[in-house]
Amino acid sequence: MLERTVTELSALLACREISAETLTHEFLQAIRQRDPQVRAFLHVDESGALEQARRVDVRRQRGEPLGPLAGVPVAIKDNLCVRGQPTTCASKMLQTYRPPYDAHVISRLRQADAVLIGRTNMDEFAMGSSTENSAFQITRNPWDLERIPGGSSGGSAAAVAAGEVPLALGSDTGGSIRQPAALCGIVGLKPSYGRVSRFGLVAFASSLDQIGPLSRDVTGAALLLDAIAGHDPRDSTSVNRPVPACRQTVEQPVRPLTLGIAREHFEAGLDAEVEQSVREALKVYESLGAKIAEIKLPHSKYAIAAYYLVATAEASSNLARYDGVHFGHRSTEHQDLIDMYCRSRGEGFGAEVKRRIMLGTYALSSGYKDAYYLKALKIRRLIHDDFAQAFTRCDAIVGPTSPTPAFKIGERITDPLAMYLADIYTISANLAGLPGISIPCGFTKTGLPIGLQILAAPFEEEKLLRIARLFERATDWHTRRPKLAELPGIHEPGR
Amino acid sequence: MSLTAQEVQWVAHLARLQLTEAELETMTRQLSAIVAYVDQLKQVNTDGVEPMAHALAIHNVFREDEAAPSLPAAEALANAPQRRGDFYRVPAVLD
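Protein chains in written order, with our numbering: chain A, 1 to 495; chain B, 1001 to 1095.
Treat the hints as calculated values from the structure; they're not laboratory data.
Among these hints, one or two may not hold up.
In silico DSSO-like links for lysine-lysine, alpha-carbon gap of 30 Å or less [claimed, not checked]:
no.	chain 1	residue 1	chain 2	residue 2
1	A	LYS291	A	LYS408
2	A	LYS92	B	LYS1042
3	A	LYS92	A	LYS408
4	A	LYS445	A	LYS283
5	A	LYS378	A	LYS445
6	A	LYS291	A	LYS301
7	A	LYS296	A	LYS378
8	A	LYS301	A	LYS369
9	A	LYS483	B	LYS1042
10	A	LYS283	A	LYS296
11	A	LYS408	B	LYS1042
12	A	LYS378	B	LYS1042
Footprint (simulated), chain B over chain A, 3 or more residues, beta carbon under 8 Å [to be verified]:
no.	segment
13	29-41
14	75-89
15	154-164
16	233-245
17	325-332
18	369-379
19	392-402
C-beta atoms are modelled at their ideal positions from N, C-alpha and C, and glycine is treated no differently.
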């Protein structure tokens, strides 16, 4: 049951081949057996999940209409507010925080009758590319337990890859859904900026953050996107435009199809095996009738520098709310109010969060704002214009998601710049607001997954998913599973 | 460009972050490296380029001014590190 796709699970549930309660039991059992090695979950809501599942079963029994995710377990990244449940952002700052409301996407999952099974580990406040910045635990890549799962949605990606849950939600500010999806051999989609309401997503960089699905296959991602997309008056940046039914159209090929490839995506720093897999994927597309067009993204080499100024500037402002007054950690010792702020924040935040608050504060400070923050916003415009130009010549841009496969735990943690380079191909989509997906496209000789990134013009998720599905249908990379020992372990969340 | 420990200490003050001596030293080194990296943006001619703060052309969004229930005080205060009655408790702001 654990190896089935979401479509198959939904069909089995619909014809009562299996009850939602039994299915939830199976995934809870998988978490107990596998998560002591993978450590993807921070909190598992066993009783709550079973209760939700039983409610779905009762309503199905009565013949009541049910939502599109009825009885399907979904894991939630720990930066999405769930009323009354721990929502820590993997930070000591929010260790005891319990939100008094549901995020918009959580309300939508409840309306879709999904089963919320637990909270997944992440880099603290979504700042990182390896999930090593969690204050609570290290999550391991199910394909090689010595390696990182990617980040910042590393817990969500590892949980799906390990078969502990069929679907998960993540958030993507610079690649935080796509990069861990690539490194864990699953599908991860970052929607267009504005497609999904950010209400109840703990803010990192508000002009870049977007919530999206992680799944074993493209169809599952389409189903979960359909459930969460759409306008919400509580997020003024969520766009009021019709939401396509991606699940309904995902099997339709795009014809004619022109795929853009950028030389900038194949330059120094790209691992040879990753490059080979991506080039083979392009051949698969050509064999399916796609035309390949060379496009230029001349400013993409400045994307990381621009991103780390824009994202940290916004973060320094967003994270100013953690002052030890309204919620979050408060230092027990302090001389006055300012000292209380400084100590509470110094104690509550981890190293990477402090580094980014500092960089952002510096970039916005008097005398430096024009040279750094405003300069970065101008480069952002040039990156955006490069894409607008490119999409006049192609339906989508295809390339590697990550320059390398999963690296070893500890390998880059002391070198922030080396860590930032993990996001080199994913960051531009956030700056330009594009939808992007990572799908499995191969493995290294040592058995590590490789991801193919496809980017489309804003609000073209439907076309993006159809293009992704076209490749998936012609290949079997997405059907591979990591081999994990089945331990009789008892789940011990990290706190 | 390189940052001095004094500059980093000033930024930490602006950010209301207490740093230990060891953190200050590491932060000075790492921030200097990151700032040297982002300095490459200066190579790009951006004369006449409009800064882009947002991926969407954002306009003010207004809603009808209608009264609606807000979060009850007890729920709003439930996560307060310290409270007294229906108030957040903080160290004295004025002497």
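Results of checking the hints against the structure:
Proposed proximity of A/LYS291 and A/LYS408 is contradicted: the alpha carbons are some 37 Å apart, above 30 Å. This hinted pair does not check out: A/LYS92 and B/LYS1042 have alpha carbons roughly 37 Å apart, beyond 30 Å. The suggested pairing of A/LYS92 with A/LYS408 holds, with an alpha-carbon distance near 25 Å, which does not exceed 30 Å. For the given pair, A/LYS445 sits about 20 Å from A/LYS283 by alpha-carbon distance, which is consistent with the 30 Å threshold.
Of the pairs offered as hints, the one joining A/LYS378 and A/LYS445 is violated, with about 42 Å between alpha carbons and a cut-off of 30 Å exceeded. Of the pairs offered as hints, the one joining A/LYS291 and A/LYS301 holds, with about 26 Å between alpha carbons and a cut-off of 30 Å not exceeded. Using a Cα cut-off of 30 Å, the hinted pair A/LYS296 and A/LYS378 holds, with the two alpha carbons roughly 19 Å apart. A distance of roughly 22 Å separates the Cα atoms of A/LYS301 and A/LYS369; the hinted pair therefore holds under the 30 Å criterion.
Between A/LYS483 and B/LYS1042 the CA atoms are separated by roughly 48 Å; this puts the pair beyond 30 Å, and the hint is violated. For the hint pairing A/LYS283 with A/LYS296, the CA-to-CA distance comes to about 20 Å; that is within 30 Å, so the pair holds. A threshold of 30 Å between alpha carbons decides the hint, and for A/LYS408 with B/LYS1042 the separation of about 34 Å lies outside it, so the pair is violated. Proximity of A/LYS378 to B/LYS1042 is assessed by CA-CA distance (about 11 Å); at most 30 Å being required, the pair is judged to hold.
Counting residues of the segment 29-41 of chain A whose beta carbon lies closer than 8 Å to any beta carbon of chain B gives 0, which falls below the threshold of three, so the coverage claim is violated. Only residues whose beta carbon comes within less than 8 Å of a beta carbon in chain B count, and the segment 75-89 of chain A has 0; fewer than three means the coverage is violated. With 0 residues having a beta carbon nearer than 8 Å to a beta carbon of chain B, the segment 154-164 of chain A misses the requirement of three or more and the stated coverage is violated. Residues of the segment 233-245 of chain A lying with their CB closer than 8 Å to a CB of chain B number 4, which satisfies the three-residue condition for coverage.
Three residues within the 8 Å Cβ limit are the bar, and the segment 325-332 of chain A against chain B gives 6, so the coverage statement holds. Coverage of the segment 369-379 of chain A by chain B holds [criterion: at least 3 residues with CB-CB distance below 8 Å; count 8]. Evaluation of the coverage hint for the segment 392-402 of chain A: breached, as 0 residues show C-beta separations to chain B shorter than 8 Å, against a requirement of three.
Hint compliance for this structure: hints 1, 2, 5, 9, 11, 13, 14, 15 and 19 are broken, all remaining hints hold.
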